[in-house]
Amino acid sequence: MSIRMQQRPAGIVDVVVIGAGHSGLAMSRALSQRSIEHVVIERGEVANSWRTERWDSLRLLTPNWMSRLPGFEYQGYDPDGYMTVDEVVDFVTGYAGYVAAPIISGTEVTRVTPAADGYRVSTTRGDWLCRAVVAATGAFNVPVIPPVADGVPTSVSQLTAREYRNPAQLDDGAVLVVGASATGLQLAQEIQHSGRQVMLAVGEHVRMPRVYRGRDVQWWMLNSGILDQRIEELDDPQRGRRLPSPQLAGTPGRATLDLNALQAQGIETVGRLAGIRDGKALFSGSLRNVCSLADLKMNRLLDAFDEWAECNGIATDVETAERFPATEIGASPRLGCDLGSEIKTIVWATGFRPDYSWLDVPVFDRKGHLRHDRGVVDAPGLYVLGLPFLRRRKSSFIHGAEDDVRELSSDLFDYLDRTARRPAAAIGGWW
Amino acid sequence: MNVQERKAENGVNVEALLGAREALTEAPEAAAFKWRATSEWINGTHSRATVDGFFGLGEEQKHRQAFQFDADHPEIFAAEDNGATPVEFILVGLAGCLSAGIASVAQNRNIQLRSVKATLEAGMDLQGILGIDDAVRNGFDGISVYYEIDADATPDEIAALVAQSQKRSAVFDIVTNPTDVTVTTSKA
Chain A
1 MSIRMQQRPA GIVDVVVIGA GHSGLAMSRA LSQRSIEHVV IERGEVANSW RTERWDSLRL
61 LTPNWMSRLP GFEYQGYDPD GYMTVDEVVD FVTGYAGYVA APIISGTEVT RVTPAADGYR
121 VSTTRGDWLC RAVVAATGAF NVPVIPPVAD GVPTSVSQLT AREYRNPAQL DDGAVLVVGA
181 SATGLQLAQE IQHSGRQVML AVGEHVRMPR VYRGRDVQWW MLNSGILDQR IEELDDPQRG
241 RRLPSPQLAG TPGRATLDLN ALQAQGIETV GRLAGIRDGK ALFSGSLRNV CSLADLKMNR
301 LLDAFDEWAE CNGIATDVET AERFPATEIG ASPRLGCDLG SEIKTIVWAT GFRPDYSWLD
361 VPVFDRKGHL RHDRGVVDAP GLYVLGLPFL RRRKSSFIHG AEDDVRELSS DLFDYLDRTA
421 RRPAAAIGGW W
Chain L
1001 MNVQERKAEN GVNVEALLGA REALTEAPEA AAFKWRATSE WINGTHSRAT VDGFFGLGEE
1061 QKHRQAFQFD ADHPEIFAAE DNGATPVEFI LVGLAGCLSA GIASVAQNRN IQLRSVKATL
1121 EAGMDLQGIL GIDDAVRNGF DGISVYYEID ADATPDEIAA LVAQSQKRSA VFDIVTNPTD
1181 VTVTTSKA
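As they're listed, the protein sequences go chains A and L.
The first sequence maps to residues 1 to 431 in the working numbering.
The second sequence maps to residues 1001 to 1188 in the working numbering.
Hints are computed from structural coordinates only; laboratory data are not their basis.
Any given hint might turn out to be false.
Unchecked claim - Not everything, but these chain L residues come out facing chain A in the computed CB check (under 8 angstroms): (1) 1142; (2) 1156; (3) 1159; (4) 1160; (5) 1163; (6) 1166; (7) 1167; (8) 1175; (9) 1176; (10) 1177; (11) 1178.
What the hints assert, rightly or not - Covered stretches of chain A (in silico footprint by chain L; criterion: 3 or more residues with CB under 8 angstroms from a CB of chain L, positions within the stretch not fixed): (12) 274 to 281; (13) 292 to 305.
Given the structure is predicted, the values throughout are model-derived calculations rather than measurements.
Think of the CB as a built atom: it goes at the ideal place given N, C-alpha and C, for glycine as much as any other residue.
Go ahead and model the full structure; you've got the sequences and the hints to work with.
See the structure below:
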């Protein structure tokens, strides 16, 4: 037995929750309500990634009235507004106080390994022993950069959406923004406004108006039941989970952010970045089709809203139905551009993936993805929270934590009951 | 609302395709295919290609029969026009791929097709291949595909069929995205 195993643990609890974001805190509240002994281990402070990994102008994509956590609601004066990053930090910090979560902050989990009767959670400040672990570490830990990035010439600066704060960070000169999710479009717009010419590489994307028939599109998504849609209802759950965030921005003016709006501001749209050859970026000739797919899909969504409004007798409470112009693509979108002489900076807005490098338990598939059934990981007493479409379309939303935590904590309570604790002396021998 | 749904019949075995999708998710090595063609020069710009075997599902496979294709150039190129121009084969491949996709997607969405007609056109400036102007590429400057589809579906549903078939088309991907090409020769 290693020396490490014989060290006195920092503590022994029933459950270790990793991450003091909104999901981890909501789980902590559920555990406290059952008087289950637990700690919430946080590498930084509450809402850490909001404090340290977001760009300055970011606001939530959901209106304030939707921001609620179990037992806790938005209390501000602007229910229709969208929280800034600082406001999100305040909101989540307020929740941490409200639920009086037992947070161990400034402590990074370095490794989780199976141990007798549960898990050993190794941290930068000692090891914890527990029967169950809840990973609430978020879905947006590591920026995903496509392999084509290997071909970017050294004369071009590169940064990811995680490192990006504001346009002042960037060199002068044209910028290629890769990715057409909410992030890509928001950064493209902001950088273009800073006086740098932006080219936006567009693959498959999700288009939505900010306001439809006088209501926030999220009001429609929520009330028509789309956000409550369960993962098991989807024909292709993996695709549902991979869907990029819809092209939305939470601005005070509630302006729609789509490719037409950006092109009107002077941004050039090109196809997906398909390759880099001899210092030249090559763009896919599929731009028209990805825009057509997104337009058709948006119209199906609006049809569903209209039908829901009609069936529920609220069609007269909202403004009349409308359809938006198709995405405009110029006669011949460019298929390539020179990197270095023309483009000075590339901003990768190509998504994120969760980081489970600390999880030393055999629960990964051949592609390295966590094996779990709606948050119940394929190892006894191991759970994950807060991933996109974990259980429902709203799972990664702040208000989505409530239902997921209720269901997952219920599974966790059953697990703890089933595997009733052995007498402490017996466990002590193992540890 | 019509409760009794009619089953579309487009001659596509969707169950087999969905089954293959599931099976190949579990066994990714079986999904690795190799497509092949051989070609032999006949005379002038005329050559004859043969397509016979391919590799897939972990073993060598064969078409029901060998297929042959004559490629040549038209008489205005001072050639004998013994077959389609090679660039026209690209259009043939694209049409074949997209139409197969449309039929499959339609079947999966239970949309009955009555007719699917495609008209393809690709622009090309000969100054490229003739080396007159370096700024002109050899290949197409664009491809347009026009589909005329008669089906039991709304215009948006038809547009979605065509869009989805592009999204899942191999030839569409090949012509819209760069592909690494290696050409070697035996030593004399």
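Could you check the structure against the hints above and give me the numbers of any it violates, in ascending order?
-> Going through the list in order, the structure violates no hint and respects every one.
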